[in-house]
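Kindly produce the complete structure, drawing on both the sequences and the hints.
Below, each chain spelled out in residue letters.
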Amino acid sequence: MAKHRGRGVASVNYPIGMNLGGDPSQALVHATPTGKFVVALSSIDLGQGMKSVTRQLAAETLGVPIEDVFVDTADSDTGPHCMGSFASRGTHRAGNAVIAAAKEAKEVLLEVAAEELEVDPKDLELDGRGKVQVKGAPSRAISVREVAQRAHFKRGRSISGRGMFLVPPSDVDPETGEMNPVTTYAHACMVAEVEVDDETGEVTVLSLKAAYEIGRALNVKLVEQQLVGGAWMGISHALYETAEPYYPDRAHGPTDFNEYLMPGPGDMCPVEIEILERPALDGPYGAKGIGEMCATPPIPAIANAIFDAVGVRMTEMPFTPEKILRALDAKRGR
Amino acid sequence: MRAVRLELNGVEVAAVAEGGETLLTLLRERLGDTSPKAGCLQGTCGACTVLLDGEPVLACLTLAELADGRRVTTVRGLADGPRLHPLQEAFMDGFAAQCGFCTPGMLVAAKALLDRDPNPTREQVIEAISGNVCRCTGYTPIVDAILEAARRMAGRRG
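If you read the sequences in order, they're chains S and C. In the working numbering, each residue's number is its place in the first sequence (first place is 1) plus 1. In the working numbering, each residue's number is its place in the second sequence (first place is 1) plus 17.
Keep in mind the hints are simulated off the structure, nothing from the lab. There could be a bad hint or two in this list.
What the hints assert, rightly or not - From chain C, some residues computed to sit far from chain S (all C-beta separations above 10 Å):
#1 G27
#2 R45
#3 S52
#4 L69
#5 T79
#6 E106
#7 E140
#8 E144
#9 I146
#10 V150
#11 G155
#12 P158
Stated by the list, open to error - Chain S is faced by these chain C residues, among others (derived, beta-carbon under 8 Å):
#13 L48
#14 A55
#15 C57
#16 C62
#17 C116
#18 Q141
#19 C153
#20 T157
#21 V160
Given the structure is predicted, the values throughout are model-derived calculations rather than measurements. No residue lacks a Cβ here, since even glycine has one placed at the ideal position from N, Cα and C.
Quick look at the structure:
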């Protein structure tokens, strides 16, 4: 009886969003009379950072300080349509819609500014600090706040924009049944190190090391945060979570969230992550999405590491001590 | 029904509680402090953690009348006016919250630890928050933030 160490590798190619019905998301951007911008979305922020990232995208596209942009995701009944926060699609789909809406709003902003400054809108640029200025002659300028006030109270214009993102339809090839389900994939490779106790069947994850290729990381801290949290979820899928009964029968099954096992703070191993950035052609400033894929590679990597450690193939999640002991018995011919 | 008088985050308050009412209901529905979260309501998630005379308790399992004449600290009591508690600063700097639902309980449990032991080991931090469930962060950023707050507080004490 001993503890055995093993190492396992897994790779993942993960589709961003889906192609059913074009997977649409829409966004609206408008300026308030004080020159602040509001992004209206129905895409939900459940902690993954949807509001932070769309705020960044709108500020970048408009050319205004990020402090001057507010994201309103208050109500999916009245907001612009979004398919939802799932399928790792939020940043990519809603992000593209926000960029399109911000571009249209910026055009109006520059038109009004051009009328006020009596120049051609094509000669204008934003300085990123709240001013519209003539290219090459920054002293000829007007503040965004003033442009917004003129638009509201003098020109009768709405500085606003509409943004839509729809995946181009992919027809099914009648001969082969082939179609293109998604437009972009993210990629990752993970190495898991485990220790398996062949007496108790317990698996301890010692470390997870991974490289994620996710297009451009729009917000590196949020990306890291999601990848570390996702690694924990992956360990949970691999070793703990199940609604099936414990040994020996259903009466001993979990009845609440306390008994539905997930790893606690003491079960977490060091997670080392490298982020590789290869911008996606159709992504918002090159971004893909990392939502779901962050929880997937630990599962096969841990299964492979268990095989490396004790020579048994685990094919059914979670890899509980009972299943591992049964597999070890079968291997020994008991 | 009975009147419960307590010191909530340094302020004397009073409310009438039903028989069998929990401290969590008293705080959230009668005293208007919704910072302790109602998660599982059976003492397993830790989101409702508050300090009772400085000791961490699960407000969802504590009878309201037990708080009579005692000091209750919720996460709202951590900040000193506009100045955040070092734990709150470290949680923000270290991205130790995602959806944020567990955060009030985590901060209160961490405060109880640092009040008792200003220089805890990583294992002691893990032990201190082991009654608090988080489903987003993987715990690592939370543990790191608590250790960082302890370092910063030690630095301020010189």
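Against the structure, the hints:
{"no.": "1", "hint": "G27", "in the structure": "holds, 30 Å"}
{"no.": "2", "hint": "R45", "in the structure": "holds, 20 Å"}
{"no.": "3", "hint": "S52", "in the structure": "holds, 18 Å"}
{"no.": "4", "hint": "L69", "in the structure": "holds, 22 Å"}
{"no.": "5", "hint": "T79", "in the structure": "holds, 18 Å"}
{"no.": "6", "hint": "E106", "in the structure": "holds, 15 Å"}
{"no.": "7", "hint": "E140", "in the structure": "violated, 8 Å"}
{"no.": "8", "hint": "E144", "in the structure": "violated, 8 Å"}
{"no.": "9", "hint": "I146", "in the structure": "violated, 6 Å"}
{"no.": "10", "hint": "V150", "in the structure": "violated, 7 Å"}
{"no.": "11", "hint": "G155", "in the structure": "violated, 3 Å"}
{"no.": "12", "hint": "P158", "in the structure": "violated, 7 Å"}
{"no.": "13", "hint": "L48", "in the structure": "violated, 27 Å"}
{"no.": "14", "hint": "A55", "in the structure": "violated, 13 Å"}
{"no.": "15", "hint": "C57", "in the structure": "holds, 6 Å"}
{"no.": "16", "hint": "C62", "in the structure": "holds, 7 Å"}
{"no.": "17", "hint": "C116", "in the structure": "holds, 3 Å"}
{"no.": "18", "hint": "Q141", "in the structure": "violated, 11 Å"}
{"no.": "19", "hint": "C153", "in the structure": "holds, 5 Å"}
{"no.": "20", "hint": "T157", "in the structure": "holds, 6 Å"}
{"no.": "21", "hint": "V160", "in the structure": "holds, 6 Å"}
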